[in-house]
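Starting from the known structure of chain A, arrange chain B on it as the hints suggest.
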Amino acid sequence: MKKPILALALTLPFLAPVMAEARPVRITTTLNAYGGDGAYLAIYVTDKAGKLQQTIHIAGGKAKYHKHLAGWFRQSGGRIDGTTGASVGAGKTLTVSAEIADALIDAGFEIRVDSAVEKESDVPADARIPLAKGNVGTPAAGRGYVKSIAISM
Amino acid sequence: MLRQWHALPGLFLALLLAITAGTGAILAGQAALDAATAPVVTAEALPLGQLTQRITGEIASVEKITRTPSGRVRVTHLENGRPHSVFVDATSGKMIAVDTASPSMRFITNLHRAWLNGDGGRLVAGLLALAMLVLGITGLLMLRRSFGGWAALLQPFRGSGMRRWHLELGRIAVAGLLLSSVTGLHMSLVGFEIVPDGASPDIFVSASGEAARPFEQLEGLATVSLADLREMTLPDPADASDPILIRTHDFTRLVDPATGQILREDRHSFLWHVRDIAYRLHTAEGMLGLAMALAISAVGGVILSLTGLVIGLKKRLSGSQIRANAPVATAEILLLYGSEGGTTIRFAKALHQALVAAGRRVHLASMNDLPRQSPANMMILLAATAGNGEAPASASRFFEKLGQWQGSLPELAVVGFGDRQFPDFCGYANAIEAACRARGLQLVLPTERIDRQSVEAFSGWTQRLAAHLGLSLALSFDAAARAGQRFRLVAREDFGAEVQAPTAVLRFRPVPHFRWLPERLQAALGGLPRFEPGDLVAIAPPDDARLRFYSIASSSSSGELEICVRHQPGGACSGYLCGLMPGAEITAAIRANPAFRPDEKAPSLILIGAGAGIAPLVGFVRLARAGRPVHLYWGGRHPRSDFLFRDELEAARNEGRLTRLRTIFSRITGGGYVQDLIAQDAAELRAMIAAGGQILICGGCDMAEGVRQSLLAALAPLGLDLSTLRQSGRLLEDVY
Numbered sequence: 001m002k003k004p005i006l007a008l009a010l011t012l013p014f015l016a017p018v019m020a021e022a023r024p025v026r027i028t029t030t031l032n033a034y035g036g037d038g039a040y041l042a043i044y045v046t047d048k049a050g051k052l053q054q055t056i057h058i059a060g061g062k063a064k065y066h067k068h069l070a071g072w073f074r075q076s077g078g079r080i081d082g083t084t085g086a087s088v089g090a091g092k093t094l095t096v097s098a099e100i101a102d103a104l105i106d107a108g109f110e111i112r113v114d115s116a117v118e119k120e121s122d123v124p125a126d127a128r129i130p131l132a133k134g135n136v137g138t139p140a141a142g143r144g145y146v147k148s149i150a151i152s153m
Numbered sequence: 001m002l003r004q005w006h007a008l009p010g011l012f013l014a015l016l017l018a019i020t021a022g023t024g025a026i027l028a029g030q031a032a033l034d035a036a037t038a039p040v041v042t043a044e045a046l047p048l049g050q051l052t053q054r055i056t057g058e059i060a061s062v063e064k065i066t067r068t069p070s071g072r073v074r075v076t077h078l079e080n081g082r083p084h085s086v087f088v089d090a091t092s093g094k095m096i097a098v099d100t101a102s103p104s105m106r107f108i109t110n111l112h113r114a115w116l117n118g119d120g121g122r123l124v125a126g127l128l129a130l131a132m133l134v135l136g137i138t139g140l141l142m143l144r145r146s147f148g149g150w151a152a153l154l155q156p157f158r159g160s161g162m163r164r165w166h167l168e169l170g171r172i173a174v175a176g177l178l179l180s181s182v183t184g185l186h187m188s189l190v191g192f193e194i195v196p197d198g199a200s201p202d203i204f205v206s207a208s209g210e211a212a213r214p215f216e217q218l219e220g221l222a223t224v225s226l227a228d229l230r231e232m233t234l235p236d237p238a239d240a241s242d243p244i245l246i247r248t249h250d251f252t253r254l255v256d257p258a259t260g261q262i263l264r265e266d267r268h269s270f271l272w273h274v275r276d277i278a279y280r281l282h283t284a285e286g287m288l289g290l291a292m293a294l295a296i297s298a299v300g301g302v303i304l305s306l307t308g309l310v311i312g313l314k315k316r317l318s319g320s321q322i323r324a325n326a327p328v329a330t331a332e333i334l335l336l337y338g339s340e341g342g343t344t345i346r347f348a349k350a351l352h353q354a355l356v357a358a359g360r361r362v363h364l365a366s367m368n369d370l371p372r373q374s375p376a377n378m379m380i381l382l383a384a385t386a387g388n389g390e391a392p393a394s395a396s397r398f399f400e401k402l403g404q405w406q407g408s409l410p411e412l413a414v415v416g417f418g419d420r421q422f423p424d425f426c427g428y429a430n431a432i433e434a435a436c437r438a439r440g441l442q443l444v445l446p447t448e449r450i451d452r453q454s455v456e457a458f459s460g461w462t463q464r465l466a467a468h469l470g471l472s473l474a475l476s477f478d479a480a481a482r483a484g485q486r487f488r489l490v491a492r493e494d495f496g497a498e499v500q501a502p503t504a505v506l507r508f509r510p511v512p513h514f515r516w517l518p519e520r521l522q523a524a525l526g527g528l529p530r531f532e533p534g535d536l537v538a539i540a541p542p543d544d545a546r547l548r549f550y551s552i553a554s555s556s557s558s559g560e561l562e563i564c565v566r567h568q569p570g571g572a573c574s575g576y577l578c579g580l581m582p583g584a585e586i587t588a589a590i591r592a593n594p595a596f597r598p599d600e601k602a603p604s605l606i607l608i609g610a611g612a613g614i615a616p617l618v619g620f621v622r623l624a625r626a627g628r629p630v631h632l633y634w635g636g637r638h639p640r641s642d643f644l645f646r647d648e649l650e651a652a653r654n655e656g657r658l659t660r661l662r663t664i665f666s667r668i669t670g671g672g673y674v675q676d677l678i679a680q681d682a683a684e685l686r687a688m689i690a691a692g693g694q695i696l697i698c699g700g701c702d703m704a705e706g707v708r709q710s711l712l713a714a715l716a717p718l719g720l721d722l723s724t725l726r727q728s729g730r731l732l733e734d735v736y
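Same order as they appear, the protein sequences are chains A and B. Residue 141 in our numbering sits at position 141 of the first sequence, with consecutive numbering throughout. Residue 292 in our numbering sits at position 292 of the second sequence, with consecutive numbering throughout.
Read the hints as simulated data drawn from the structure, not as lab findings. Hints may be right or wrong, so weigh each one.
Lysine to aspartate or glutamate pairs mimicking EDC-like chemistry, simulated, CA-CA at most 20 Å apart [as the list claims (entries may be wrong)]: (1) A:147 <-> B:236; (2) A:119 <-> B:239; (3) A:67 <-> B:236; (4) A:51 <-> B:239; (5) A:64 <-> B:58; (6) A:147 <-> B:231; (7) A:119 <-> B:197; (8) A:64 <-> B:193; (9) A:119 <-> B:119; (10) A:119 <-> B:99; (11) A:67 <-> B:585; (12) A:119 <-> B:231; (13) A:62 <-> B:119; (14) A:119 <-> B:236.
Bound-form chain A, shown alone:
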């Protein structure tokens, strides 16, 4: 499973001058109007089995609550190699853009969103959508606080 990354890591230094092997991907996460406080979200790239590849965005400023984004936290240990921002209110939409390596697209990888609301529930892998060009324009539903997730690239 690690092979594409490993291959990329090995070849990247040599290919650097000629490559443009990453592309911007826009991820739009819409929350249900669950009527509570703002939700903490972790948006990250995993393989099919859920193994963390890249953190894209952590929404929710207090690091001490990040452990409630359990799927992501268990693997990252709370280290954030993506962007951060404020928590997302009920019913609101969060759109983030990230450079994602071409090697991760159409190669069986997916975007996951963990969600957590203070004093309420933690929902690991609340929403999942495969990182495939064919999924552009077809949002996937979440199972918890996330109503839907959509990608465009």
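Relative to the frame of chain A, chain B by itself:
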């Protein structure tokens, strides 16, 4: 100092504290309701694994199982893309009820803990908890100081009105409020990570990833009973490596859903337990008694905040705060007052101001606030007398405090305030003089006994004090009155010019301190003066410090202050007042005069006066209870010139509110003085007085002396003398 720590946060944060306490009361009430309706968890509850198996059989997508402090089992699951909570039966695992966190309770919770506004609001909530703690502690210390020892807190309080409410509620609610504020403060400090929350380090372990087995077969669950459980988070079905998380009172444990092995177990640290206890005591979830106690004390907190606000505002509106008061530790002079109605405080303030202006550091306080020691080299006591030589309210504990005095012995000066009409004139001042001498304090000035708030006598004593201290003291009662009240003249009527007794009836309206506040609110806050007929108004003309007192004819409920001023030849104040035209404003202060009021129980009233002395008497006629005989005897000079209030009095007589109107005039043929009327009606008056009638006399000294002679003669057959009548309150005089 203590008072300021109490008053300042109280005044500025009162409304916020009231909201925090009010929402707290609702939340505690809800917790009490929850605890009261919670099911009893039987000891033979199922093992946790079996129960979990049953619950997951009943409900799909279970995320979390929580045992609430009140003993219910709450299951959180995802349904239709949203988390839902339900309560389930602790044995069958079947759903009992939906856990509906109502939007209104959510709103109240959010208002209580964060003012609906994230971290900023949480900070405010934390600071309010701190303020409540400070108010509780300073309030207790103040109570102890003014009642002497903690034991006195359990005894009934004296006092009345807002202050009484504040004190009574304070001692009931203080324990609950202190508990709520301490635990709330701790929760706030943990929230802002100033105090560590004691949680175990965030080390996550992964499960084996094999197929999960039924919960009842997992060994890691078997050793936990439902009674110990706090919460259990079931693994994410999409992630085979996600372990089961179990939190109990003692530990946090991660269990492999496939092998049942305990992957990791962390026992809770001391700090975790501290936080846990703080949280549980603050929310009182599942503890009926505590929840009810906290709810009651929080309601008390609301009322305390509001009564405190009113007391504080009143104090500031009435301008009764003391300027430039030196702290005890650095004071050269201790100036202590024992006041019953507030008059002595005014004298004390005027003296304080004069001493401060002369460069002395003076600590002004009530006699109850006598400290244990002070570097002061002089102690001045100004003491009123309550009733028969008893201590006034603010000196009730002076002797006890004096017994606790540990400082060196300062020089002593005592001024007593009283009324010569009463047998034990300045009795309390005599008692404190004796007690202070016994304690070894040296009197450096003879004790001055002041009759009915005589400003002249007090000024004279002040000059002797000034000579002793080697200072020049200027008593400015005008300054004390300046903090009082503005009045605007709205109407005047003139009488008596033709008979060389120019007299004006002046009607003023009070000018509110804050003109933009509605009058009713001002009155409620004490921003408008209150008075009854017979009370006095103290007025000083501009550029003259000496106050003159005039009897009031009206009641403050009428909205007007009505006085009668005889223009004395060369009189500075009467000349000033008689020269006023409608629209002019004066500064004046009300002096309550409860000693000169009709007794509600007396079967009949005999009102006797002359000239401008009619003012309080006409007020008593206005207030007279229907059916009670009221007889008015009044003397003037000429019926066509100085018959004050003629129309009103005749109307009252015609309507029957005034039983008899007896007037006499000195400048007409066959005329005379009011004492002549008394002599004429001696038999009738004797009968009324024998039946318990009350006599009220108002007017000049000469008239009063003449009336006394006539009364004495009239009463002789009864064997009654005037001092007996005075002692029983059936003869009252307001003589000038």
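Checked hints:
no.: 1; hint: A:147 <-> B:236; in the structure: 18 Å, holds
no.: 2; hint: A:119 <-> B:239; in the structure: 23 Å, violated
no.: 3; hint: A:67 <-> B:236; in the structure: 15 Å, holds
no.: 4; hint: A:51 <-> B:239; in the structure: 10 Å, holds
no.: 5; hint: A:64 <-> B:58; in the structure: 34 Å, violated
no.: 6; hint: A:147 <-> B:231; in the structure: 26 Å, violated
no.: 7; hint: A:119 <-> B:197; in the structure: 16 Å, holds
no.: 8; hint: A:64 <-> B:193; in the structure: 9 Å, holds
no.: 9; hint: A:119 <-> B:119; in the structure: 16 Å, holds
no.: 10; hint: A:119 <-> B:99; in the structure: 14 Å, holds
no.: 11; hint: A:67 <-> B:585; in the structure: 71 Å, violated
no.: 12; hint: A:119 <-> B:231; in the structure: 12 Å, holds
no.: 13; hint: A:62 <-> B:119; in the structure: 10 Å, holds
no.: 14; hint: A:119 <-> B:236; in the structure: 19 Å, holds
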